[in-house]
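Student: Each chain, letter by letter, is given below.
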Amino acid sequence: MMGKEEFRATAMIYGADLARWPAGLRAKAMSLTAEPWAVALLADLADLEADLAAADVDAPTPDRVGRAIAGTLDRVTARPRLSPGRLLAWVAAGAGGLAASAAFGMVLALYGPLAPPTLDPISFLIEAGDLALPGLGG
Amino acid sequence: MHADSDESLLKKISAGDQRALRLLMDRHMARAIRLAERVLRDAAAADDVAQEAFVRVWKHASRFDEDKAQFTTWLYRIVVNLALDRTRRPGHAPLEDALEVADTAPDGEEALARRQRVALLGSGLAALPERQRAALTLFHLEGLSGREGAAAMNVSEKSFESLLGRGRTALRAWISASTKGRTP
Numbered sequence: 002m003m004g005k006e007e008f009r010a011t012a013m014i015y016g017a018d019l020a021r022w023p024a025g026l027r028a029k030a031m032s033l034t035a036e037p038w039a040v041a042l043l044a045d046l047a048d049l050e051a052d053l054a055a056a057d058v059d060a061p062t063p064d065r066v067g068r069a070i071a072g073t074l075d076r077v078t079a080r081p082r083l084s085p086g087r088l089l090a091w092v093a094a095g096a097g098g099l100a101a102s103a104a105f106g107m108v109l110a111l112y113g114p115l116a117p118p119t120l121d122p123i124s125f126l127i128e129a130g131d132l133a134l135p136g137l138g139g
Numbered sequence: 463m464h465a466d467s468d469e470s471l472l473k474k475i476s477a478g479d480q481r482a483l484r485l486l487m488d489r490h491m492a493r494a495i496r497l498a499e500r501v502l503r504d505a506a507a508a509d510d511v512a513q514e515a516f517v518r519v520w521k522h523a524s525r526f527d528e529d530k531a532q533f534t535t536w537l538y539r540i541v542v543n544l545a546l547d548r549t550r551r552p553g554h555a556p557l558e559d560a561l562e563v564a565d566t567a568p569d570g571e572e573a574l575a576r577r578q579r580v581a582l583l584g585s586g587l588a589a590l591p592e593r594q595r596a597a598l599t600l601f602h603l604e605g606l607s608g609r610e611g612a613a614a615m616n617v618s619e620k621s622f623e624s625l626l627g628r629g630r631t632a633l634r635a636w637i638s639a640s641t642k643g644r645t646p
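Residue numbers (this note's numbering), protein chains in the order written: chain A, 2 to 139; chain B, 463 to 646.
It should be emphasised that the hints constitute simulated quantities derived from the structure, not laboratory data. Computed from a predicted structure; not experimentally measured. Treat the hints loosely; a few may be bogus.
Unchecked claim - Each pair of labels, with its calculated beta carbon distance range:
(1) A:G4 - B:P591: 26 to 32 angstroms
(2) B:Q480 - A:G97: 29 to 35 angstroms
(3) A:D45 - B:H522: 39 to 45 angstroms
(4) B:K473 - A:E36: 51 to 57 angstroms
(5) A:D45 - B:P591: 20 to 26 angstroms
(6) A:A47 - B:G570: 18 to 24 angstroms
(7) B:A589 - A:L99: 55 to 61 angstroms
(8) B:L574 - A:P63: 30 to 36 angstroms
(9) A:G4 - B:T641: 27 to 33 angstroms
(10) A:P63 - B:D529: 31 to 37 angstroms
(11) A:R27 - B:L574: 34 to 40 angstroms
(12) A:W38 - B:D527: 45 to 51 angstroms
(13) A:G4 - B:R609: 24 to 30 angstroms
(14) B:Q578 - A:P37: 24 to 30 angstroms
As the list claims (entries may be wrong) - Here are a few chain B residues that sit away from chain A, every Cβ distance over 12 angstroms (derived from the structure):
(15) S467
(16) E469
(17) F526
(18) D529
(19) Q532
(20) R539
(21) N543
(22) L546
(23) D547
(24) R548
(25) R551
(26) P591
(27) R593
Said to hold, decoys possible - Cut-off 20 angstroms, straight-line C-alpha distance, at most; resulting in silico cross-link-like pairs (EDC-like, lysine to aspartate or glutamate):
(28) B:K620 - A:E7
(29) B:K530 - B:E610
(30) B:K521 - B:D479
(31) B:K521 - B:D468
(32) B:K473 - B:D547
(33) B:K474 - B:D529
(34) B:K620 - A:E6
(35) B:K521 - A:E6
(36) B:K530 - B:D547
(37) B:K473 - B:D488
(38) B:K474 - A:D75
(39) B:K521 - B:D547
By construction, the Cβ of each residue, glycine as well, lies at the ideal position given by its N, Cα and C atoms.
So here's chain B without its partners, still in its complex pose (with noise of 0.2 angstroms):
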């Protein structure tokens, strides 16, 4: 294990030492922020999740397994649970920010449309239940493989499988419905 490795720094932190706690936010706070807010699409509360899971790393490293998972997977799992389990808090809303078409430049009515589609699908990625939003995410924002974002999300393959396919369709239904004028 190399010395500066984030398993090494795993085991420093569960004898107390917030050096090393600092050493690895400083490495991967930035990717627990927005995996929160890809998952949240709330800016105020994947603050406080990414916050809330490295205090979970600090509190629970003397249980992390390196021969079971890597770092990452297991950072991962602990954020995407946090914001899930955010989500089902009363009032919670995604934010639909996306929404926002930020400029008109006469840069051809192709680069326009193309600006009101991914707003469209920004809109449409808040309305996905959580659970098939965090798949999308982990699987096309994040890079992760079928089995790594099943383990990241605590599921089975299948089970991801599943939340993937019916994201993806129901944000090409969203598509189609909204740019037939109507929203699904």
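If we strip away everything but chain A, and leave its shape as in the complex, we get (with noise of 0.2 angstroms):
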């Protein structure tokens, strides 16, 4: 059995329709639902609800909802998603590069810094003969 006080919370809770009350609410409260006062209540709140009805916003146009959809369309090619296949591609490649940067050093370990090549200086001395003109002898 329901008192006056949780019918009223209950209401003000789930409203005027009882159909919409939980099942065990609903038959508890059963038996107050001819009292004057629940009647009054349950009108009062029939009211509300009528007027929450028609005070809603209207249904978006089918336009609107065309340009809606043409947005996301946008976004979504504008913001790729992080797709799983993406993401093992990336993955792939920070290992590759993680390896070809663990291989270079194990280079260095081993044989030490690389040094620039030692340049032989005989290397770079222009034989006389490279520049000889033709016919001046030497």
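Take the two lone chains and join them into the complex the hints point to.
Tutor: Written out as structure tokens, the structure is:
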């Protein structure tokens, strides 16, 4: 059996339509629904709900919906999703780079820092014969 | 699972099928816009939220678990969360467009009084805390049950009930006070 205060509190939560009340509460409330105060309360809430529906925003027009769909597709194209395949490719590229760096480090560790190749100064000498002009001898 | 069900479209979307996304939006974009506008009371912001909601669907389709919820419940949750986030941004203020009483055609004092009451309720809705407005919207205008509404708002059923009760009480108080010539 439900008391007047519990009925009132439940009505303020679930509204005028007892069909929308949870079944257990509805069963407890049924004996009170014919009480004048309950009838008045439910009628008042029914008015409120009717006004709530009347004050509702309009359904969007097909044009508006179409623009929203086009706008969404633009956003999707502009911000490509990180798909599992794309993520895998990124991870593979990162791992490849890491492996190459590690290999390079191992080479350095094994063979020491790479020095510039020792240049034979002789190779930089221009042999006189290279500059010899034909017919001038030398 | 039906070949064209929302859930099967989500599987295709998670594989990168934009046509499936398009089909899903054809079905549900209007619903998303209207829900966002009901919460935000701002058409431009609602359009933006609805678009962002489907971008989230596109990006996170693989996370959807059809054993736990229907797609529409998931979509409700995304839209409501984005809309509530939007209301926390500086400068957001719901438009009290419902204050406008559209016409005063001579169809009787009772009809005029009704229109004024509806307009008053619209402004009262705009003045409600967003979470209470969202709860009333989900329960009364979207027709969700308490459990579904709680899931859409990611709160417990008790919390959802509390939001509903406080929202309804505040609306009644708003109308009562306003018809007496003062704002609560």
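Student: With reference to the structure, classify each hint as holding or not holding.
Tutor: Against the structure, the hints come out as follows:
Judged by the Cβ atoms, the range 26 to 32 angstroms given for G4 of chain A and P591 of chain B holds: they are separated by roughly 29 angstroms. For Q480 of chain B paired with G97 of chain A, a C-beta distance near 30 angstroms keeps the hint of 29 to 35 angstroms intact. A C-beta distance of roughly 43 angstroms is found between D45 of chain A and H522 of chain B, which places it inside the suggested range of 39 to 45 angstroms. Taking 51 to 57 angstroms as the suggested C-beta distance range, the pair K473 of chain B and E36 of chain A conforms, at roughly 53 angstroms.
Separated by about 22 angstroms at the C-beta atoms, D45 of chain A and P591 of chain B satisfy the suggested range of 20 to 26 angstroms. Our hint of 18 to 24 angstroms for A47 of chain A and G570 of chain B holds, since their Cβ atoms are close to 21 angstroms apart. Taken as a hint, the range 55 to 61 angstroms holds for the pair A589 of chain B and L99 of chain A, whose Cβ atoms sit roughly 57 angstroms apart. The hint said 30 to 36 angstroms for the Cβ distance between L574 of chain B and P63 of chain A, and at roughly 32 angstroms that hint holds.
A beta carbon spacing of about 30 angstroms between G4 of chain A and T641 of chain B agrees with the range 27 to 33 angstroms that was offered as a hint. Taking the beta carbon of each, P63 of chain A and D529 of chain B are about 34 angstroms apart, inside 31 to 37 angstroms as hinted. Range check, R27 of chain A to L574 of chain B: Cβ separation about 37 angstroms, and the 34 to 40 angstroms hint holds. Range check, W38 of chain A to D527 of chain B: about 46 angstroms between beta-carbon atoms, so the 45 to 51 angstroms window is met.
Distance hint check: the CB atoms of G4 of chain A and R609 of chain B are about 25 angstroms apart, consistent with the given range 24 to 30 angstroms. Roughly 28 angstroms separates the CB atoms of Q578 of chain B and P37 of chain A, a value that falls within the hinted 24 to 30 angstroms. Separation of S467 of chain B from chain A is adequate, the least Cβ-Cβ distance of about 20 angstroms exceeding the 12 angstroms criterion. The beta carbon of E469 of chain B sits about 19 angstroms from the closest Cβ of chain A, which is more than 12 angstroms, so the claim that it is off the interface holds.
Here F526 of chain B stays apart from chain A, with its beta-carbon at least about 14 angstroms from theirs, past the 12 angstroms limit. Distance check for D529 of chain B against chain A: the nearest CB is about 21 angstroms away, which clears 12 angstroms, and the non-interface claim stands. Every CB of chain A is more than 12 angstroms from the CB of Q532 of chain B (nearest about 19 angstroms), matching its label as outside the interface. R539 of chain B, annotated as away from the interface, keeps every beta carbon of chain A farther than 12 angstroms; the closest lies near 18 angstroms.
Taking the minimum C-beta to C-beta distance to chain A, about 17 angstroms, the non-interface status of N543 of chain B holds against the 12 angstroms cut. The claim that L546 of chain B is not at the interface with chain A holds, since no C-beta of that chain comes within 12 angstroms of its own (minimum 17 angstroms). Separation of D547 of chain B from chain A is adequate, the least Cβ-Cβ distance of about 17 angstroms exceeding the 12 angstroms criterion. Its beta-carbon lying about 15 angstroms from the closest one in chain A, R548 of chain B satisfies the requirement of being farther than 12 angstroms from that chain.
The beta carbon of R551 of chain B sits about 19 angstroms from the closest Cβ of chain A, which is more than 12 angstroms, so the claim that it is off the interface holds. For P591 of chain B, the shortest C-beta to C-beta distance to chain A comes to about 16 angstroms, beyond the 12 angstroms cut-off, and the non-interface label holds. Interface exclusion of R593 of chain B from chain A stands, the closest Cβ pair being 15 angstroms apart, more than 12 angstroms. Straight-line distance between C-alpha atoms of K620 of chain B and E7 of chain A comes to about 15 angstroms, which keeps the hinted pair within the 20 angstroms bound.
With a C-alpha separation of about 12 angstroms, the suggested pair K530 of chain B and E610 of chain B falls inside the 20 angstroms cut-off, and the hint holds. Of the supplied pair hints, the one linking K521 of chain B and D479 of chain B holds, its CA atoms being roughly 12 angstroms apart against a limit of 20 angstroms. For the given pair, K521 of chain B sits about 16 angstroms from D468 of chain B by alpha-carbon distance, which is consistent with the 20 angstroms threshold. Between K473 of chain B and D547 of chain B, the direct Cα distance comes to roughly 28 angstroms. Violation of the 20 angstroms bound is thereby established for this hinted pair.
Annotation: proposed proximity of K474 of chain B to D529 of chain B holds, straight-line Cα distance about 17 angstroms (limit 20 angstroms). At most 20 angstroms may separate the alpha-carbon atoms for a hinted pair to count; K620 of chain B and E6 of chain A meet this at roughly 18 angstroms. Distance hint between K521 of chain B and E6 of chain A is unfulfilled; the C-alpha atoms sit about 48 angstroms from each other, more than 20 angstroms. For the given pair, K530 of chain B sits about 24 angstroms from D547 of chain B by alpha-carbon distance, which is inconsistent with the 20 angstroms threshold.
Note on K473 of chain B and D488 of chain B: the hinted pairing holds, with a Cα-Cα distance of about 17 angstroms set against a maximum of 20 angstroms. At most 20 angstroms may separate the alpha-carbon atoms for a hinted pair to count; K474 of chain B and D75 of chain A meet this at roughly 19 angstroms. Between K521 of chain B and D547 of chain B the CA atoms are separated by roughly 19 angstroms; this keeps the pair inside 20 angstroms, and the hint holds.
Of the numbered hints stated above, those contradicted by the structure are hints 32, 35 and 36, listed in ascending order.
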